[in-house]
Amino acid sequence: MSVITADLRNYPLYIRSVPTQNELKFHYTVHTSLDVVEEKVSAVGKALPDQRELYLGLLYPTEDYKVYGYVTNSKVKFVIVVDSSNTSLRDNEIRSMFRKLHSSFTDVMCNPFYNPGDTIQSKSFDSIVSAMMVQSS
Amino acid sequence: MAQCAQSVQEFVQDSFVPTVAVLCSADAERVTRRNNLSFPELLRPFCRLTSEGHLRDPNNLVVVVKGLRISVTGVNTQPLQPGEVRKLLSQAVSGCQPPEGLPANVVTAGDYDLNISATTPWFEAYRENFLQSMPASDHEFLNHYLACMLVVSSREAAPTEQFQRLSQEQHRVQHSGEYTHPKWFIPNTLKYYVLLHDISDGDEQRADSVYEDMKQRYGTQCCYLLKINSRAAAAGPAEQMPDPWSQYLQKSRAQSPVSPAVLSDALSESHPLELDQTSNLGYPGNPSVAVNSIDTSRKQGGLPASSTPVAHGACLTLNDHDRIRQFIQEFTFRGLLPHIEKNIRQLNDQLVSRKGLSRSLFSATKKWFGGGKVPEKSIAELKNTAGLLYPPEAPELQIRKMADLCFLVQHYELAYSCYHTAKKDFLSDQAMLYAAGALEMAAMSAFLQSGAPRPYPAHYMETAIQTYRDVCKNMVLAERCALFSAEVLKSQVKYSEAAALLIKMTSEDSDLRSALLLEQAAHCFINMRSPMVRKFAFHMILSGHRFSKAGQKRHALRCYCQAMQVYKGKGWTLAEDHINFTIGRQSFTLRQPENAIAAFRHILINDSKQVATQQSAFLREYLYVYKSVSQSSSDVTLPQLPLPCLHSAQTRVFFGHERRLAEGEKQAATHVWLDQEYDGEQAQLWAELEEQVVGVANKGSVPIGFQPTQYCLSCHTDNLRYPLAVVEEPIIVEVVFRNPLKVPLALAELSLLWKFTPKDFSRPPGGVPGEALSNEKEVTALNDIISTEVIPEFTIGPEETKVARLQLLPHKTGELQVLSVLYSLGTVEEDNGTTSRPTFVRGRQDLEIQGPRLNTTKEEKTSVRHGPDHRLDPVITPPMPLLEVFFINFPTGLLCGEIRKAWVEFVNVSAVPLTGLRVASTHPEFFTFGCAASDLTPVTPTASEHCSAYKTMATPPSVAATMLVSPAMFGVSGDDRPTVAEIPLVGGGLGPGEALQIPLWLRGPDREGVHEINFLFYYESVEKNANHRVLRHKAFICASRSLSVRATACHSNTLPRRGGAEEEGGSSMLVFVDVENINTSEAGVREFHIVQVSSSSRQWRLHTCINPTGDRDSRLASRERGKLCFRATRCRTQEGETHARKYTFADLNLGNEQIVSSTTPCADFFFRRGSPSEAQKGGVSVGGANHTRRQSLTPAGGADDGVTGVVQKCSEVELNIIVLWKAYVVEDNKQLILEGQLHVALQTVGKEACSVPQKEEAQEMVLLKFKPDQPPPVSRPTLEQLSRLIKTCLHYPESYDHPFPQKSLCMVPVTLTLSNCSLAQVDVIIDLRHKTTSPESLEVHGTFTWLGQTQYKLQLRPHEVQRLVLKACFFQAGVYNLGTPRVFAKMAQAGTMCETSQQSSMPALIVINSV
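Chains as they are written, first to last, in the numbering used here: chain A, 1 to 137; chain B, 1 to 1411.
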């Protein structure tokens, strides 16, 4: 499982994945999924600009993983990749995970010492992500 | 998907064409062979028809056939083995590289600008070859032979027989069942008889006659006389003929070498996966026996043609070309199309006749038998994975056959309906392979129908692909299907579907196919309406990976490079590293080492987040590549290395020798060294010191271009000028390396690379500078000019920052430029038993230092500009003197005020004499070299160890001995402290190699604590224009508390009575000195002895000690306090103005030894003590203000100020007390005697002065004042001060006997002495009438009366003493107080001021006795 946050310009802000040995693959997967995120956002944006659902749902399934996406109103993207064999995680769980992630991310942004665009090194953010990973695995 | 040269329709039409077999006689083969071509090859370029053909469908509608192409192949052409197919395909792909230098089109997607090759010719080549190599299969008939050409040469002895033979041969091949391979469309294949006539060779009449014969025998529609070879081959290539064959033959001949480069590529691509695939896949190989003799002859004939790529069609003229073209046209229109038309009709008739019956019958039986197969079919059916196999005559196949025929002649409507019917039949029979084929073709014909009556059934294709792949396990067919489908989807702008389709087709069994399809998928992503750049990049990487697995290195590299454009610089470091690494590897294997190095470099330079093992792998790879490159290239200039990071800006340069450490007792001057951190304040301090000393050396003026000497240049120093280095003195360059990796790095043979321009400074300027030299080729080659130090080994740990110090020693004068660092980079060997030497590569890194950013002018502020930095460009100057200073017996800890004698040694280590040695210090009061007058007995340091630092004389304690000393003798002029001292050198200088030891006295600082004392030694060369040099020393002294001396001065009321003293006018004072032992350390200090108290003043001197005799003990144990009382008198030599600057030293020794305080070192330190009041003040401005006020008080200058001044002066003393002490210290069971002196400056009468500076509250928060200070109010002399103008004293007998009985009035003479203490004239009024009115005085019963004048008016000159003789009259015996006269004084000049009552003296009691 892997959690990635990318900002408006699609630079990675935060990447975390377990297990770590196949990190490169996660990178590629997530990077590719940003295309789908963009596509979805632009499609939705046309239809209903004001009441956009932040949760994008399943972006695309691969053989081994399921990729879920979430975009904040400021176009910050969250991507969660889970093992496709993991059946315990339903759409609702993923959604709540994203909510949690979003609120934690907001806290990070509120930190006056955080420089927007830097990689996130906040410990609290880290611990929340870790908790989520432990919970889901 | 990339753009293709053909449209989709063309592509599909060209993929499915009627095929025609050729059976050639040996002679005919020989005829065509003259052109280096076989007969099918000869026809191939002309196989596309330029005119329209027509035929009628079963409903008698005319079908127009446009742009039909036929495919002509030899009947015995073998289907390629799968292995061969692979080889062919990979050759085709590798032989087709992207054109270089062609401008790639730029795709802009979001913030990405990508350079992407718009076309992918390698894919098209692959596709064409793939489709051509499709084996004919049983379930479809599209590439089955429709007709057969029988070719016989006209030279044949019996052409008709030959035709007969060939016809039989064809029949045998088709019907005997011996051969599985050539598959025939219809049982009665069209036979077309061709008589080949060689014009240049044969007999034309005979040919014509044979042709006539043929026409009679086979009918005109099936015969043709083809005349070729109009000219002899020997005619030579004078006439350039177009060669239409070349492009076809290149592709068709699998065995022919295409180009050497491709061949080498192809040979290397023996992928392991391909080895086990040689077994057949359902195409039983042709028996190795040749079909006929023609086959062998062809092969024999074919070999030379293929081995030597010669011009084809050498014997053919353009007329021949036209003939061939016409032949094909004739064949198609007269032979093939009618044949097809006939067959379609036949099949149609069959089907129509059968339909009504069989349909219902079949379906009925099926129902009844529960879906079982029809028995007649099931006999012949062979079960396979794809369902059943139909016998060739099965009615379902007839429909399919008809559909295929219609498709071939572009009658798509009919084809579609037939396919659709066939599909239903096949599906109901569960014949999956057949069904899939029918579905595929149905979809294709639906797509190709003009006018599009029905939408393209994409799901047909999907089902077909799925069936082919999953049910039939036939990847080749599935792939073909996918290729068409993707192309169609692309044409309909359904890119995402096309991409999904292509991605689905990738599998493990063929890397090449997967790679190509993935690449096409990537192109689909980028061509979407909103381009999916990241998906494009990702699939490009996947494709590159597959390409590299398939051995297509060039294509792999190209894919990675295109993907790199997306990932570059976006923060996806892992991906970026991976891509870079792969690019590096591929580039290296493709012999593009420069690109490989650049890619590897990129991985290593950036802050890599890889794990250590990965990094070390990267590093090893890089080193290996680099090494192989550097070995191959003979380039002289060494390339730049990426590792370790060189922090150029932090480079430091040091000029001079490495610091020598202390030798035994000798302690070398600290000077400057690279280990010292740069400290801005310190640097400023040293610069100020140097400016002072330079000012002194240049007689008070600092030269305009003065710059402080810099020995160590860093980013903090001013590097605008070229630094000066001296010949034969080393230059040390400190470079900072940082290892960004998590693996250690080993550097070897580290040295500097420099450029040197020799220049002789002794010659007049303007000479031609010498040629620039450099040690680039060989590091130590020019060691006679500049010795270059080489560090053999240098290891940097993981993520470590380390400095390396590299030394250069110039031997000639000139201009040096340090350019870069040379080193060999290698990995650190792991200790795992391997003896392999780690690889080292040689390279360099340039030291490029950017100066500070300029920010003065507007231009510079608005743009980013950097100034020059000449840190590394020193100018080597001729030899200069070089001084070394050693300190001997230099203490680290002292008591406050302790005097210690140390020695200092000056050594000139250069070959040039030095002169003008001076020293400047931040603490000039700390040390002295003694005054010039004192005899410098150069006793060796050891001999003087136990002697006193002072000069002593044996004298018993008595009246103070005095001595007059001018401060100028001690190098002190005026009030300012001398910060610069000249060091007395014998002969004024030091010759080369000479050394000099001179004594140095030190006095512990007055404040306790650690003191940092800076010495700056200045010296210069004897040559005039040479620069000066300096040497720095920084000493730390820990001062501990010793004694605290407090002193107060009081007016003495008594006037001296003794003769000598009276002449002085009665100026005397009492001085009380309180001495307290405040030493707190138990470390050995046992007790202090006050040895002597001396005074030094311009006006006063200590006269006698007036302590009670019993209290002479001057010992002070810890925390004891002693009090000493002295009488001070005014000096005699007051009036002489010339003597005013001289100080009188008076020594009052308490023991038996007098210390001559007026000599070195006591007086030295006295004059160097500095003003205590100034020292106590914190800020400069405060001290300055104080100073001016003091100045305004001292001289009696102004009229208004005069009064105050004079009055003030009265109570002012300027007496300095020097307390000399000895301390008995036990240290290491040894008793030591330490000596010291403390100074107290008394300034005002009655005010206490202290030797230990009072700890003031640090004035950290000084209020900012925006208004100028109010000028201090005109100080009016206070009453208290005014009352001290006149000192009065009554002289009278203490007791007076008077016989009152005899004489009732007793008259006593009383003398009133009036002494003017001030320096001005004073008017004095003495009033005797005044009675005491105080209540206490009333109690005094007895009264007396003054006789005579009751009021006197006097005027006293400065310091004048006057006596008044008064008479007191008593009436009875008793005790009387005579102190009733009131004295009023007034300054003579100050008329406005009223008189002030002077302080009355003490009660003067007189006893009158009655006798």
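Hint data in this document are derived by calculation from the structure and do not stem from the laboratory. Cβ atoms here follow ideal geometry from the backbone N, Cα and C, with glycine treated the same way. Errors might be hidden in some of the hints.
Over the 12 Å line for every Cβ pair with chain A, so calculated as not near, a few chain B residues [as the list claims (entries may be wrong)]:
id, residue
1, Arg345
2, Ala537
3, His578
4, Ala1117
5, Lys1303
6, Gln1372
Computed list of lysine-lysine pairs in DSSO-like fashion (alpha-carbon distance at most 30 Å, straight line) [to be verified]:
id, chain 1, residue 1, chain 2, residue 2
7, A, Lys75, B, Lys549
8, A, Lys75, B, Lys609
9, A, Lys25, A, Lys66
10, A, Lys66, B, Lys549
11, B, Lys1230, A, Lys25
12, B, Lys858, A, Lys25
13, A, Lys123, B, Lys609
14, A, Lys66, B, Lys473
15, B, Lys901, A, Lys25
16, B, Lys504, A, Lys40
17, B, Lys494, A, Lys40
18, A, Lys66, B, Lys504
19, A, Lys66, B, Lys861
20, A, Lys75, B, Lys494
21, B, Lys494, A, Lys123
Hint by hint, here is what the structure shows:
Separation of B/Arg345 from chain A is adequate, the least Cβ-Cβ distance of about 52 Å exceeding the 12 Å criterion. Consistency note on B/Ala537: stated as away from chain A, yet its beta-carbon is not over 12 Å from all of that chain's, at 8 Å minimum. Distance check on B/His578: its Cβ comes as close as 6 Å (rounded) to a Cβ of chain A, failing to clear the 12 Å threshold; non-interface status is violated. Remark: the non-interface label on B/Ala1117 is consistent with the geometry, its nearest Cβ contact in chain A lying 61 Å away (cut-off 12 Å).
Against the 12 Å criterion, B/Lys1303 stays outside the reach of chain A, whose nearest CB is about 107 Å from its own CB. At roughly 99 Å from the closest C-beta of chain A, the C-beta of B/Gln1372 stays outside 12 Å, upholding its exclusion from the interface. Of the supplied pair hints, the one linking A/Lys75 and B/Lys549 is violated, its CA atoms being roughly 39 Å apart against a limit of 30 Å. Note on A/Lys75 and B/Lys609: the hinted pairing holds, with a Cα-Cα distance of about 27 Å set against a maximum of 30 Å.
A C-alpha spacing of about 13 Å is found between A/Lys25 and A/Lys66, which places the hinted pair at or below 30 Å, so the restraint holds. Of the pairs offered as hints, the one joining A/Lys66 and B/Lys549 holds, with about 27 Å between alpha carbons and a cut-off of 30 Å not exceeded. With a C-alpha separation of about 79 Å, the suggested pair B/Lys1230 and A/Lys25 falls outside the 30 Å cut-off, and the hint is violated. Between B/Lys858 and A/Lys25 the alpha-carbon distance is near 52 Å, which puts this suggested pair outside the 30 Å criterion.
The hinted pair formed by A/Lys123 and B/Lys609 meets the criterion: a straight-line CA distance of about 19 Å does not exceed 30 Å. At most 30 Å may separate the alpha-carbon atoms for a hinted pair to count; A/Lys66 and B/Lys473 meet this at roughly 29 Å. At most 30 Å may separate the alpha-carbon atoms for a hinted pair to count; B/Lys901 and A/Lys25 exceed this at roughly 77 Å. A C-alpha spacing of about 23 Å is found between B/Lys504 and A/Lys40, which places the hinted pair at or below 30 Å, so the restraint holds.
Taking the CA atoms of B/Lys494 and A/Lys40, the gap is near 17 Å; set against the 30 Å cutoff, the hint holds. The suggested pairing of A/Lys66 with B/Lys504 holds, with an alpha-carbon distance near 18 Å, which does not exceed 30 Å. For a cut-off of 30 Å, the pair hint linking A/Lys66 to B/Lys861 is broken: about 54 Å separates their Cα positions. For the given pair, A/Lys75 sits about 28 Å from B/Lys494 by alpha-carbon distance, which is consistent with the 30 Å threshold.
With a C-alpha separation of about 46 Å, the suggested pairing of B/Lys494 with A/Lys123 is violated against the 30 Å cut-off.
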